[in-house]
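Student: In order, the protein sequences belong to chains A and B. Numbering follows this note's numbering, in which position 4 of the first sequence is assigned residue number 4; successive positions increment by one, without gaps. In this note's numbering, each residue carries its 1-based index in the second sequence increased by 1000.
Calculated directly from the structure, the hints in this document are not laboratory data. Mixed in with the good hints there might be a few duds.
As the list claims (entries may be wrong) - Straight-line distance between alpha carbons at most 25 Å, and here's what the computed SDA-like set of lysine to any residue pairs gives:
| hint | chain 1 | residue 1 | chain 2 | residue 2 |
| --- | --- | --- | --- | --- |
| 1 | A | K16 | B | L1379 |
| 2 | B | K1398 | B | P1250 |
| 3 | B | K1383 | A | K16 |
| 4 | A | K95 | B | S1341 |
Stated by the list, open to error - Residues of chain A clear of chain B, computed beta-carbon distances all greater than 10 Å:
| hint | residue |
| --- | --- |
| 5 | H40 |
| 6 | N63 |
| 7 | P70 |
| 8 | E87 |
Ideal Cβ placement from N, Cα and C applies to all residues, glycine included.
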Amino acid sequence: MSHSSITSQQIEHLAKLSRLELSEQDLEQYKEDLGRILEHVSAIQSLDLAGVEGMARPHQATNQLDPDEPTPPLEQACLLGLAPVVEGPFIAVPKVLDEGSA
Amino acid sequence: MNSEQAQDLTSRVEAIRTGEITAEASLDATLERIDARNGELNAFHETLAPRARTRAALIDEKIKNGSDPGPLAGATIALKDNICTRDGRTTCSSRMLEEYVSPFDATVVERIEAAGGIAIGKTNLDEFAMGSSSEHCAWGVVRNPADPTRVPGGSSGGSAVAVAANLADAALGSDTGGSIRQPAALCGVVGFKPTYGRISRWGLVAFGSSLDQIGPLTQSVRDAALLYRVLAGADPRDSTTSQREVDEVPIASNAETKGLRVGVQRIHNHADNAEAVNTALSHAIDAFREAGAEIVDIALPNAEHGISTYYVIAPAEASSNLARYDGIRYGYRSASVPGDSLDSLYARTRGEGFGPEVRRRIMLGTFLLSSGYHDAYYLQALKVRRLIKNAYDDAFKKCDVLLGPTTPAPAFEIGATNDPLSMYLNDIYTVNANITGNCAMSVPVGHTKVNGALLPIGLQLQAQAFNETTLFRAGVALESMGDLL
């Protein structure tokens, strides 16, 4: 399955998935760029990989767990100081819930 | 060694420890040089002068009292601006983090200071470490001191320039597909990427979590070895760090080259390389042979799929890692508009906060992980990753180190590479060390004259994961051969 060209519909869908607002010009440019990049990386699709186990990270290791001891957290004032819009001890965001829905 | 450097970090620390110069005087001189040259080169986004002065005073106090100031006593270290510091900002050269002040220091910063080193400033990079030229920097392009019309390489361009122009005794960068080694080669300094898991990523802003490593850029191989010993070792805050004992990498000036098996890959796309790169490699092979090394012909099946594999895995991981930049809890938030929903706030914030290359890679990564393509691309790439790892493991049964080019060519002109795919091909020799998790180093080997400027050339050594001892042994040997062009 080779995908060396991307449709405008696909690009718009990707922008939505990526939560990126892009101009018409950007959408056109990325359509072209992604098409060319995918054409190049599609080389790996023709390889015989039967029986090969995928490698997500180098030197598979078992998970390291910390001892179950509480440690001091970062200070609330410090973290609130990083937030763009603050109201009292809260971070302000646009309305999340529609009227009448859960 | 390049023409601008005075003494290397090891000599500088020696001078400070013996009282030849105070840490404060050394720091002041460095800050003056930054003042003089940073306007032109744009290596630093900001300096950390107050913090640095406090540390310098502490070091001088310790020396006066006769207590041990540490192995990095008074050495100035520049930090790539994707490494978190509680002072100054950590911007990743992105509008998304323009005002971000980290609530904590990265582990590597803590270890540098515990060893007596002085964090002197934050250096510019390609935004979020995505790039090979340091042109994708929200605070302006970084310029190569060898020829300011040319790129220093990337993404750790600012760090490479800081060392090359003697604006710091050493620098830290990060390497995901070559981002330490490639700028090191283009600027004429040493650049070292440790084995994956050797140096803690706690406090390194994540790009590709299975690929990223922090490493030093230095004037000499012995400096890189010193920094490796200071920084390496398990960190409970980064569960991908290895529990294995850190080796005592020897930094003998007369490296034992007799009997070292130096592997050279048979096919290197020689025709596509700049002539100077091929000449340097050929001379290095001769020099190793003369010094008593055994040159071994190595085939690396599937290694040629490194770029394709990398440009599937890295953008995929990046799209996931950069999902956190949503304008809510920290960083840039787009000005609200009437009728804003969370989704529209996210989309505008990310569209405005991220630069074009970052947006491109997020889109690419999202595609590669999306339903219908995830198996064909991402899972497929993980299998090719396994094949590449196997190929290098086999190679390292036949040789101790691999020797080859770091980059296909010396530094290119700013603005010359507009096509993303062409830019990605700059990483052709470096990506496999990240894909496999092996350790690798670029060592400067001379210069080539291009349009009246002397452009640095570097060669790359690679060794099996956790075999830093052999890598540094070969690195010292290569460095001792001097100018190979």
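Student: For which of the previously enumerated hints does the structure constitute a violation, in increasing order of number?
Tutor: 3, 5, 6
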